Amino acid sequence: DAVTGATTFHIEPSLDSGPIYGVVTETVQPTDTAGDLLERLAHSGAALLSATLDGIADGTLSPRPQPAEGVSLAPKITVEQARVRWDLPAPVVERRIRAVTPNPGAWTLIGGLRIKLGPVRLDGDAPMPLSPGTVRV
Numbered sequence: 001d002a003v004t005g006a007t008t009f010h011i012e013p014s015l016d017s018g019p020i021y022g023v024v025t026e027t028v029q030p031t032d033t034a035g036d037l038l039e040r041l042a043h044s045g046a047a048l049l050s051a052t053l054d055g056i057a058d059g060t061l062s063p064r065p066q067p068a069e070g071v072s073l074a075p076k077i078t079v080e081q082a083r084v085r086w087d088l089p090a091p092v093v094e095r096r097i098r099a100v101t102p103n104p105g106a107w108t109l110i111g112g113l114r115i116k117l118g119p120v121r122l123d124g125d126a127p128m129p130l131s132p133g134t135v136r137v
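Residue numbers 1 to 137, in full-length UniProt numbering, belong to the letters of the sequence shown in order.
Simulated from the structure, these hints should not be mistaken for laboratory data. You may find that some hints are simply not true.
To be verified - Label pairs and their in silico Cβ distance ranges: (1) Leu-61 <-> Leu-122: 14 to 24 Å; (2) Pro-102 <-> Asp-123: 15 to 25 Å; (3) Glu-80 <-> Val-28: 35 to 45 Å; (4) Pro-13 <-> Gly-124: 44 to 54 Å.
Small disclaimer: the values here were computed from a predicted structure and weren't measured. Glycine is no exception: its CB is placed at the ideal position from the N, C-alpha and C atoms.
Throw the hints in and build the complete structure from the sequences for me.
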């Protein structure tokens with residue numbers, strides 16, 4: 001995704017369905033890790049929460065219904081899902097590593113030894129592209 005964000009909303013019994021009070025968005029930069037985004041969202045989200053609570057308290061903020069379209073759930077990523085799949089193209093591997101950095105943390109097995117990876121970057125100046133499953137160190 002090119003953009004991520006956070007919302008304040010009224011809790012209802014069904015998952016992520018309550019009316020929205022406010023939204024903040026953050027542009028995902030090409031080298032952002034999940035940790036980078038969470039750090040930025042912690043700051044902008046704190047300001048959003050403060051503004052939401054103030055607006056509810058003084059009666060100036062009214063919630064609006066969540067849109068029915070475009071809803072996506074983000075289940076917790078497991079340690080097993082953070083294992084690097086070297087059969088995928090390099091840009092996909094790079095994005096997946098950034099998505100799990102710092103937690104749960106990308107990892108691979110080398111000679112039976114578990115190695116944690118990240119962050120990584122693609123070498124755009126590589127003289128020849130490598131096929132999936134090939135790593136240049």
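Results for each hint:
Restraint check, Leu-61 to Leu-122: a C-beta distance of roughly 44 Å breaks the suggested window 14 to 24 Å. About 23 Å separates the C-beta atoms of Pro-102 and Asp-123, a value consistent with the hinted range of 15 to 25 Å. In this structure the hint that Glu-80 and Val-28 lie 35 to 45 Å apart at CB is violated, the actual value being about 24 Å. Under the hint 44 to 54 Å, the C-beta atoms of Pro-13 and Gly-124, about 49 Å apart, fit the expected range.
Checked against the numbered hints given earlier, this structure breaks hints 1 and 3; the rest are met.
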